[in-house]
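*Asks:* Sequence:
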Amino acid sequence: MLAEKPGGAHPEYTKVSVEVETGRESLIQLYAGFFGHGQDVWFQLDDVVLEELR
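Just so you know, we're using the numbering used here here: the sequence shown kicks off at 9 and counts up by one.
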């Protein structure tokens with residue numbers, strides 16, 4: 009795992025950013041999800057952007 013972003017519920021669309029150091033890796037996989045801790049929850053992820061930072 010290169011990075012993880014802990015968080016909680018957001019009442020509306022919220023921009024979340026995560027910076028990762030890929031080192032010499034030229035390929036990464038993005039996974040998004042959460043644990044509902046036994047509650048009925050809904051998760052939506054859209055407009056994912058990957059940018060190279062120099």
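Since the hints were made in silico from the structure, they are not lab data.
Worth double-checking, as some hints may not be accurate.
To be verified - The calculated label-pair distances, taken between Cβ atoms and stated as ranges, are:
1. Gln52 <-> Arg32: 31 to 41 angstroms
2. Pro19 <-> Arg62: 28 to 38 angstroms
3. Tyr39 <-> Gly16: 32 to 42 angstroms
4. Glu27 <-> Asp48: 24 to 34 angstroms
5. Trp50 <-> Lys23: 10 to 20 angstroms
6. Phe43 <-> Thr22: 11 to 21 angstroms
7. Glu60 <-> Lys13: 28 to 38 angstroms
8. Ala17 <-> Arg62: 13 to 23 angstroms
Ideal Cβ placement from N, Cα and C applies to all residues, glycine included.
*Asks:* Take the hints in turn and mark each one as holding or not.
*Replies:* Hints versus structure:
no. : hint                                : verdict
1   : Gln52 <-> Arg32: 31 to 41 angstroms : 33 angstroms, holds
2   : Pro19 <-> Arg62: 28 to 38 angstroms : 35 angstroms, holds
3   : Tyr39 <-> Gly16: 32 to 42 angstroms : 19 angstroms, violated
4   : Glu27 <-> Asp48: 24 to 34 angstroms : 32 angstroms, holds
5   : Trp50 <-> Lys23: 10 to 20 angstroms : 18 angstroms, holds
6   : Phe43 <-> Thr22: 11 to 21 angstroms : 18 angstroms, holds
7   : Glu60 <-> Lys13: 28 to 38 angstroms : 19 angstroms, violated
8   : Ala17 <-> Arg62: 13 to 23 angstroms : 34 angstroms, violated
Hint violations for this structure: numbers 3, 7 and 8, all remaining hints satisfied.
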